[in-house]
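Q: Quick note, the sequences are listed as chains A and B, same order. Residue numbering for the first sequence is 1 to 388, as defined by the numbering used here. Residue numbering for the second sequence is 1 to 171, as defined by the numbering used here.
Accuracy of the hints is not assured; some may be wrong.
[Claimed, not checked] Partial list, derived from the structure: chain A residues whose beta carbon lies under 10 Å from chain B:
#, residue
1, N74
2, L77
3, L121
4, I126
5, V127
6, I136
7, W139
8, S155
[Unchecked claim] Computed footprint of chain B on chain A; a stretch qualifies when at least three of its residues, placed anywhere within it, have a C-beta under 8 Å from a C-beta of chain B:
#, segment
9, 114-120
10, 141-154
[Unchecked claim] Okay, the calculated beta carbon distance ranges per label pair:
#, chain 1, residue 1, chain 2, residue 2, range
11, B, F9, A, G193, 49 to 57 Å
12, B, L97, A, T231, 48 to 56 Å
13, B, V24, A, G304, 43 to 51 Å
14, A, F365, B, N118, 54 to 62 Å
15, B, E165, A, I372, 33 to 41 Å
16, A, L320, B, K91, 52 to 60 Å
17, A, G193, B, L161, 54 to 62 Å
Calculated from the structure, these hints are not laboratory results. Quantities reported herein were computed from a predicted structural model and do not represent experimental measurements. All C-beta atoms in this analysis are idealised placements derived from N, C-alpha and C, irrespective of residue type, glycine included.
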Amino acid sequence: MDSTVFIVRSIIIFVIFGITLLIATYSTYAERKVAAFLQDRLGPNRAGPFGIWQPLADAVKMFTKEEFIPAQANKWLFIAGPCFAMLTALMASAVIPFGDTVQYEGQFIAVQGIDINIGILWIFGIVSLGVYGVMIGGWASNNKFSLLGAIRAASQNISYELAMGLSIIAILMMSGSLSLRDMVNQQATPFLGVSGLNWNIFYQPVGFIIFLTCAFAECNRTPFDLPECETELVGGYHTEYSSMKLGFYLFAEYINMFVSSAVISALYFGGFNFPGQAWVASLLPAGALGHNLLTSIGVVVFFGKIFFFIFFYMWVRWTLPRFRYDQLMNLGWKTLIPLAILNIVVTGAGLLFDFKPATWLIVIFVVVLAVISAAQPRKTMRPQQSTV
Amino acid sequence: MNVNYIWYFLTFLTLVSAIMVVVVRNPIHSVLYLILTFFCISAHYVLLNAQFLAAVNVIVYAGAIMVLFLFVIMFLNLREYTAESKTNLVKLGAAVLGGVLLVIIVAALRSMQIEPLNKATYNSQVGMVESLGKVLFRDYLLPFELITVLFFVAMVGAVMLGKRETGERNF
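Just chain B, same shape as in the assembly (with noise of 0.2 Å):
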């Protein structure tokens, strides 16, 4: 009955901080309330005995790609939010591209089997880590494999992209 009433207060957080990430309007704020909801994540993580991913996502995502992210909006000192004109036509564009992404959201809802829990069969270990290496390294290794050469195909360009050219200005 607890783990009920922390579920909900958890999505509540969730939402509402996911929802002030695009409402306010300073930039240092916004990237604070994803913080926010990464923990959030994070707790859901815990909740559904998933303590690596858990561990992982905070690691990651709130502790590498958000300080970096941090990083980016307090160098360029975005204090104030500077309102772009938004035409009808881009807002209109914003619109539909949303509710289609909504659309295709619902739909893959929709079409989700959902087994109904077997308390006798589940396997309590099922998020931890071991379980989980196994089904990366032994069931899905190709793919595990190929996402490692994309990610490093990516690191690859993104070195390119930043190495300083001859004569250029460092600055």
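Extracted from the complex, chain A is given alone in its bound form (with noise of 0.2 Å):
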């Protein structure tokens, strides 16, 4: 490899995963910002100007406080949990194509930390591996909510991670490739006449809310954060834990988060493409600065989807209350599993037929059968409930 291109993937790859971090960082004040505003207070405005100082204010904190491994606990994986659960979530955005391609001294070097032809299923094992952190954490606390926590968060994401991979097979057939630039790239194509908006989420309505649905329960997140449930459970797997191993945990959530939103993003919603983009590229000079401006205006595109999805994390967070586990399960196993299935069967029929929206037939029935429901009176009464 060429010393130039290695020099500038090492910088592409530090400044990724110092985002990553960034961002992880300042969603933490984000969602304190969001839950506030949502609840109609304040939230944190002390350490510096709106609070913005409040993370490091954290960080401090979570450093300085006692380091505490409970008696009966077994101490390596104690302590190996936190570090599993952070190591999964820092690798996932290895693959994720931040931006198209930056031209130096001649040559294209993407902005992705590297494109391999298996970027999704990269994603998708790292993101099943996740598990294990939290797993293995909860195990080690030797304490029974803590264990209770870890076989919530297992069962959990091996259900949800079935429904996710089958409303991705949807999009690997409309797209014909597992890797995340193609599939980016693909979505650059005019879509009634506008260049850039060929967005993935026209044609997979119904993959797009199941993959949405999954990607709430395979971060742990209201509502589905039913393994740190702390009305049940005290605090689920992290019950035992303090300082910054508690810190991890909690951070690596956040991490996921952003991936998370940067894969919704680059698989529905065109990832750094944007409406107009051939109108842009027509304005700016050509040759390398124009192609560079156009990349950069690209990346500043797909960094503004992903803080929308992780704003809407929060709002979902502080606006709908928690499942019970049972409905966890049956959404899961009985609703999502059979749609996703019914959307690969339609998505293949509507290739077949070269109709690619068919999936919105799929919608439309579903809209329909709800007003129906709706519309008909009830059959019988509820039972009178007994006041005493």
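Dock chain one against chain two, each of which comes alone in its own frame, and use the hints as you go.
A: Here is the structure:
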């Protein structure tokens, strides 16, 4: 490999690493601000203007707290748990295409950690490993609540991984590639005469909803945060953790949110493509400068989409109540998986008859079904609840 | 040259972790060593230019099946290894069976023909998704579909066994 390419690549990888950590740090601040806004409070506003140094204060607090390991805990695995959680969270962002190529000394260098031809499978594999951090930590704590949290996390992840994988298969059938960069580049073509708007969301609405729901479950976010459900399990798998080891678990959750937001944006919302990008490209000067400018606009747009989805995660967290455990399992196995399989079949039929937006038929069908069932009068009255 | 060193290191790691799976007393540690073994095997797939197999190995074995293993062991809470009474007859039977298996593997390896690699005609895309899909769905379509049916039957059987019968207690 050429040394300049090597250096530019290294810089890109370090920048992605740094940005991942920075966004995760400020997601904690954003979460508290969004929560405060939704609950008509002020939120953190003491450390610096608008409280923007709050994450630093939190980090100092986390690092200087007492590090406590329970006497009966399995010491090595107790330490390894948060390490695994952090490691798997950070590995996934390697294959996300944050932008188009940068032209430098006549060479085109992709703004991406590494472009492998199995990118989406890499993310899927890393995400499926993320549960080990939770399971090992929960088991090693030697605490019944932690163990229950770990077991819940494991069963939840396995259940929702299936539906997630099936919803990705419908996308794969349309794009015919496992590389995330190929998938994003295919969404750059015009849609209804607007360039850069050929997003998969217009062809895969059902797949998007399934993927989004499963992403919530995989990140252990409300309404699916059963593994750390504080009303039932004290703190879930991290009941016994303190200091920065607890911080790693919480931090890994925010990194997972960032990565899943990036994946959702890349798969369904065009990644770094934005509406009217051909028109913008025609305004910019030709050559390396114009190309790099367009790439940087694309990167900014991509991060805008990511921030929107991170905000969406927080919005949902402070809006919806938590599911009950049997409801969670029923939703995963009895609703999302059959729906995802139906989505695959309809997508395949749509590709066969060259009618790509075929999955909208499922949406129309579900909406019609819902309207009909809502319009019908209730057949039986609910039995009167006894007041005693 | 570098790749050779990586291969030796990986093979060493694979063998050590595979032996540790059998040797360690704590079942949870054993499962964790098994996960490490699967990772090493995935790395071998990458060295063989079979990235798809590597990813699928991680997703299916390390990501799903081993999570279930860990799940079951955590549920049973086998913290200490309870030494079962092993008679000499059991030990002898195990030794004979293991020896026979070893002989079969050695015999199979001895009869294997390894063609030398021809660098001129070697297709570097052989382990990629496209060629794997073509092989599976064109050359070996019938065996592939038969395996699908087998899996389906196994799944139906598992659902039948796991189904709660009327009047049976749920834990």
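Q: Which numbered hints are broken by the structure, listed smallest first?
A: Result: no hint breaks.
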